[in-house]
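Number of protein chains: 2
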Amino acid sequence: MKASQFFISTLKEAPADAEVVSHKLMMRAGMIKRLGAGIYNYMPMGLRVIRKVEKIIREEMDAAGAIECLMPVIQPAELWQETGRFDKMGPELLRVKDRHGRDFIVQPTSEEVITDIARQELRSYRQLPKNFYHIQTKFRDERRPRFGVMRGREFTMKDAYSFDRDVASAGRSYDNMYAAYGKIFDRLGLQYRAVAADTGAIGGDRSHEFQVIAETGEDAIVYCPTSDYAANIELAEGLALSASRGAAAQALAKTPTPGKSTCEDVALLLGLPLARTVKSLVLATDELDKDGVIAKTQVWLLLVRGDHELNEVKAGKIEGLKGGFRFATVGEIESRFGCKPGYLGPIGAKDIKIVADRTVANMADFVCGANEADFHLTGVNWGRDLPEPDLVADIRNVVAGDPSPDGKGVLAIQRGIEVGHVFYLGTRYSAAMNASFLDENGKPALMEMGCYGIGVTRILGAAIEQNNDARGIIWPDSIAPFTVVICPIGADRSADVKAAAEKLYGELKALGVDVLLDDRGERPGAMFADWELIGVPHRVVLGDRGLKEGQVEYQGRRDEAATKLAVGDVLGHLKGLLKL
Amino acid sequence: MKASQFFISTLKEAPADAEVVSHKLMMRAGMIKRLGAGIYNYMPMGLRVIRKVEKIIREEMDAAGAIECLMPVIQPAELWQETGRFDKMGPELLRVKDRHGRDFIVQPTSEEVITDIARQELRSYRQLPKNFYHIQTKFRDERRPRFGVMRGREFTMKDAYSFDRDVASAGRSYDNMYAAYGKIFDRLGLQYRAVAADTGAIGGDRSHEFQVIAETGEDAIVYCPTSDYAANIELAEGLALSASRGAAAQALAKTPTPGKSTCEDVALLLGLPLARTVKSLVLATDELDKDGVIAKTQVWLLLVRGDHELNEVKAGKIEGLKGGFRFATVGEIESRFGCKPGYLGPIGAKDIKIVADRTVANMADFVCGANEADFHLTGVNWGRDLPEPDLVADIRNVVAGDPSPDGKGVLAIQRGIEVGHVFYLGTRYSAAMNASFLDENGKPALMEMGCYGIGVTRILGAAIEQNNDARGIIWPDSIAPFTVVICPIGADRSADVKAAAEKLYGELKALGVDVLLDDRGERPGAMFADWELIGVPHRVVLGDRGLKEGQVEYQGRRDEAATKLAVGDVLGHLKGLLKL
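As they're listed, the protein sequences go chains A and B.
Take any residue in the first sequence, note its place counting from 1, add 1, and you have its number in my numbering.
Take any residue in the second sequence, note its place counting from 1, add 1, and you have its number in my numbering.
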């Protein structure tokens with residue numbers, strides 16, 4: 002490609018609404034252009050990256066035996082009503098009526114449609130397993146779209162769906178996709194981690210997120226550097242931090258802590274480590290009568306150590322909280338604890354259920370609120386000062402340094418950006434839509450399903466969050482909009498420069514290299530700034546002076562400075578770098 | 002590809018709602034699957050064809066210097082309000098509100114968005130010309146979706162938009178796209194014709210449709226076999242069929258024609274050629290007052306020869322009818338002509354404007370209604386029996402055998418399916434959206450635009466309408482889902498057959514041929530029927546008996562019978578056919 006036949010449009014400044022570096026750099030490099038909130042035009046430079054990402058995904062999906070199809074963007078509501086999602090999904094599901102007033106949705110995903118295809122097409126166990134995928138435009142009407150392609154409303158996603166005859170076979174389909182995802186992210190040239198994720202209502206342990214490692218990532222991912230344990234923060238198991246409860250050494254005492262309503266403030270005031278304090282969190286669950294009116298409310302006190310945080314996903318797995326919970330109101334708190342929030346504790350509160358985190362359950366001589374404004378209790382001990390908790394459970398986020406649940410080391414935490422997800426669905430959709438097949442005995446059985454997504458356009462943002470510097474984007478070779486850029490200096494004045502640039506361009510093209518020749522006639526500074534911003538990984542500069550000495554300059558996008566090469570060596574040098 | 006790793010699903014019968022052969026065959030061959038009215042899943046077999054069509058289009062668009070981008074499916078209403086199309090377009094424009102109640106549309110085309118990009122990005126004459134295209138999902142909420150992918154609601158289209166500094170340059174961009182389209186349809190392997198089309202309000206002669214020739218086509222296309230004249234029926238110019246008016250030879254006479262209200266019936270009754278009769282068509286135009294109430298109605302009588310048909314597009318170009326017309330009501334007809342429809346004529350009607358087709362204006366001794374029920378007039382002559390018409394114009398459809406407007410022969414008519422359209426837009430969109438650039442003198446000027454569409458998914462239907470037989474589809478090599486199919490017979494019983502099939506499969510794959518090995522173990526009859534239905538152009542059959550004699554069978558999809566080839570010759574034979 003020659004620059005004069007392409008469209009290059011770079012900006013010195015990013016628009017004010019761009020909050021994260023990938024959004025800023027994609028706008029500045031002319032990869033995307035905003036059309037509306039969370040809706041972007043993919044400009045020619047950005048589309049080249051998307052196409053390369055899609056090609057890698059497609060090749061690996063095909064190699065894994067998945068079969069590509071294409072399901073519509075606009076889908077009839079009927080199928081979504083069969084699974085209940087038409088009503089259950091919130092306003093992020095974009096609903097639309099056609100000219101006849103019939104309901105449709107703009108697809109955010111395609112479980113319903115693929116299950117509809119499967120129940121019609123897959124009749125016999127002989128046709129299973131099957132895995133269908135498509136790469137298609139999706140829409141999710143995010144309440145607050147932001148971060149460019151990272152949380153847009155319209156985006157491109159690859160979604161695959163497997164259909165199996167039984168759980169064992171579904172497990173093999175899952176493992177197959179898990180392995181394919183590894184190959185895909187390897188080829189994309191990204192640092193990533195596959196982490197176990199929560200399976201919600203489905204249960205089981207078959208859910209993994211593929212997270213691109215980036216300091217700016219929204220997700221916390223937990224791993225053990227000395228084993229292969231990895232999970233997202235919602236799932237990562239927190240162990241009790243002491244093996245057993247210590248003996249009580251202090252007497253129970255009430256201490257004035259005026260205005261000190263946080264564990265941090267209390268610990269500071271009392272000169273104690275934060276890890277000696279216990280945080281009280283008050284939840285509520287409502288029982289509704291048959292008219293949907295609240296008949297009874299149960300209040301829950303969840304206790305985590307002062308330096309820990311409640312994990313709401315884990316709390317939601319507790320029997321009694323599974324059906325959904327809310328934080329208690331100030332009124333509810335005051336009526337049960339006789340005290341305003343900030344000074345709450347488990348002693349003396351009435352008609353509540355107490356859930357202690359595993360670590361809290363093993364604490365002795367701890368500090369908690371006295372259920373009296375401006376007072377805390379010290380030297381609190383389970384059994385002696387209050388009854389044992391109603392329930393002990395893992396309800397906190399793990400922190401770096403915690404023991405790994407596999408017993409093989411201590412946990413570390415990184416930030417990540419979720420770009421892929423493999424998920425065992427079981428019969429959630431096949432049961433709702435009656436997608437069954439006939440087994441060897443001619444008996445109908447529900448298909449076991451899995452779903453496997455990759456956020457195609459989000460990968461661009463994640464790759465940039467992981468790979469950038471002050472000058473711009475640093476694309477991995479495999480997905481760069483161009484692999485090599487040739488920058489001739491003064492080609493308009495020097496026939497030698499022009500000829501040498503054209504010669505190298507032709508040679509690289511003949512090798513199948515995705516090379517761009519910058520024939521725009523820009524000044525060297527502007528030209529270099531453009532390509533560093535755009536993030537092309539390999540640059541060759543040809544100038545009249547250098548050529549007279551038989552030299553050209555090569556610079557990798559991560560290199561501090563350019564390397565001088567003999568004219569005759571540059572092709573070989575690039576072939577080596579590009580492994581050709 | 003091996004069949005066992007692909008998804009093949011053929012049907013013996015087409016669903017009842019499939020009206021045309023392409024729809025029936027695409028359903029039967031498992032290329033598409035209905036999701037809703039005019040909304041289809043593209044199944045793996047159909048998607049392969051789509052991808053091949055897209056690849057050819059993309060390669061030729063790139064070669065022509067067009068630059069690919071990707072504009073969103075969901076577009077903000079604001080831009081469509083700027084051009085007025087948000088309100089002007091009928092219910093075929095699918096409108097949707099987001100969670101905040103803001104208006105969006107599901108794009109049927111992208112003039113507004115690309116013009117918005119151009120007005121921001123193309124600031125200087127130095128950046129022009131530019132041509133951007135995308136291949137994207139479109140939605141048009143057709144009142145009566147039918148014919149499968151031929152008139153669906155959701156479909157894939159390639160749309161390109163050119164931006165030029167002046168009319169001359171826009172003409173070159175247009176010619177460039179016209180030439181690229183020729184290359185595309187040549188490579189698609191389709192018989193097609195580029196025909197001049199009406200430019201509507203834009204004017205000028207820069208609009209061509211690319212029509213795939215098919216007897217079942219919805220459009221009539223007109224061409225001159227002895228010259229390069231070609232136009233669609235709306236545009237093709239009808240000349241007067243006699244060079245000048247003959248002298249009056251008959252006296253005017255009123256003849257009873259009871260119950261004969263059509264030209265055909267009257268000609269038959271009177272024993273005259275249909276070409277001696279004149280058909281009367283009554284139109285009306287309304288003048289509205291400032292409150293939108295009809296202030297005045299003008300009635301028009303349009304006269305075409307009895308064997309001709311009125312062309313409403315041509316009628317709509319007449320001064321006075323340009324603003325829109327309707328057919329007159331029976332009441333209006335009776336009040337002006339004093340007679341019910343069926344016996345109308347130009348003599349004696351009051352307060353009407355008479356427009357005669359060119360051919361009618363040169364007729365003598367013709368027959369028309371007497372404006373009296375059950376009577377016609379014979380021997381009617383202009384000037385003698387009634388005044389000259391108010392206007393003489395080309396208002397009829399041409400018919401086969403008419404003189405070609407270029408004077409180089411006579412016209413023929415074919416049926417066609419419109420699959421592409423190139424259109425000079427002028428400043429229609431750039432003026433509405435103020436898309437201007439600075440010219441050499443630093444003065445702002447509006448960009449001259451063109452738009453260029455190809456119906457990607459419709460091409461599948463058109464190709465099938467043109468290429469099919471009783472057994473199924475006959476794909477051109479370039480877009481067949483597979484180019485060659487290898488059918489081993491009894492591979493489960495014969496290791497020789499299996500080995501020979503695998504060997505040929507490997508050899509063809511190594512040559513880059515898109516080959517499918519049918520390893521499903523189907524009976525020969527079922528296997529052959531599948532591939533004839535699906536339409537793979539080249540088939541090789543290997544059987545144990547043949548192999549023992551060193552022979553395999555080759556059959557082209559259009560061949561009457563198979564050809565026996567020596568095992569060693571089949572690869573060479575295929576290489577010859579595929580020009581490898």
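A portion of the hints provided could be inaccurate.
Repeated chains share a single entry, so a pair holds when one copy, or any two copies, can fit it.
Said to hold, decoys possible - In silico EDC-like pairs for lysine to aspartate or glutamate, Cα to Cα no more than 20 Å straight-line:
(1) Lys34 x Glu122
(2) Lys565 x Asp104
(3) Lys56 x Glu69
(4) Lys341 x Glu69
(5) Lys297 x Asp493
(6) Lys89 x Asp386
(7) Lys56 x Asp229
(8) Lys318 x Glu122
(9) Lys13 x Asp352
(10) Lys3 x Asp515
(11) Lys56 x Asp478
(12) Lys291 x Glu550
(13) Lys341 x Glu313
(14) Lys504 x Asp395
FYI, nobody ran anything at the bench for these hints, they're computed from the structure.
Fair warning: this is a prediction, and the values are worked out from it, not measured in the lab.
Structure-based check of all given hints:
Taking CA atoms no more than 20 Å apart as the test, Lys34 paired with Glu122 passes between copies only; the shortest distance there is 10 Å, against 41 Å inside one copy. Taking the closest pair of Cα atoms, Lys565 and Asp104 never come within 20 Å of each other, the shortest separation being 64 Å inside a single copy and 57 Å across copies. In this assembly of identical chains, Lys56 and Glu69 lie within 20 Å of each other by CA distance both inside one copy and across copies; the values are 12 Å within and 16 Å between. In the homo-oligomer, the alpha carbons of Lys341 and Glu69 never lie at most 20 Å apart, since the shortest distance is 59 Å inside one protomer and 62 Å across protomers.
With identical chains, the CA atoms of Lys297 and Asp493 are never at most 20 Å apart, being 83 Å at best within one copy and 69 Å at best between copies. Taking the closest pair of Cα atoms, Lys89 and Asp386 never come within 20 Å of each other, the shortest separation being 46 Å inside a single copy and 77 Å across copies. When the C-alpha separation of Lys56 and Asp229 is checked against a cutoff of 20 Å, the pair qualifies neither within a copy, at 30 Å, nor between copies, at 43 Å. Taking identical chains as interchangeable, the C-alpha atoms of Lys318 and Glu122 are never at most 20 Å apart, the minima being 37 Å within one chain and 53 Å between chains.
Proximity of Lys13 to Asp352 under the C-alpha cut-off of 20 Å is found in neither arrangement, the shortest distances being 62 Å within a copy and 69 Å between copies. In this assembly of identical chains, Lys3 and Asp515 lie within 20 Å of each other by CA distance solely inside one copy; the values are 11 Å within and 31 Å between copies. With identical chains, the CA atoms of Lys56 and Asp478 are at most 20 Å apart within one copy only, with a shortest distance of 14 Å there and 24 Å across copies. Taking the shortest alpha-carbon separations for Lys291 and Glu550, neither the intra-copy value of 90 Å nor the inter-copy value of 81 Å comes in at or below 20 Å.
Taking the shortest Cα distances, Lys341 and Glu313 never come within 20 Å of each other, neither inside one copy (22 Å) nor across copies (81 Å). Proximity of Lys504 and Asp395 under a CA criterion of 20 Å is satisfied in neither setting, with 65 Å inside one chain copy and 60 Å between copies.
In this structure, the hints that do not hold are numbers 2, 4, 5, 6, 7, 8, 9, 12, 13, 14, in rising order.
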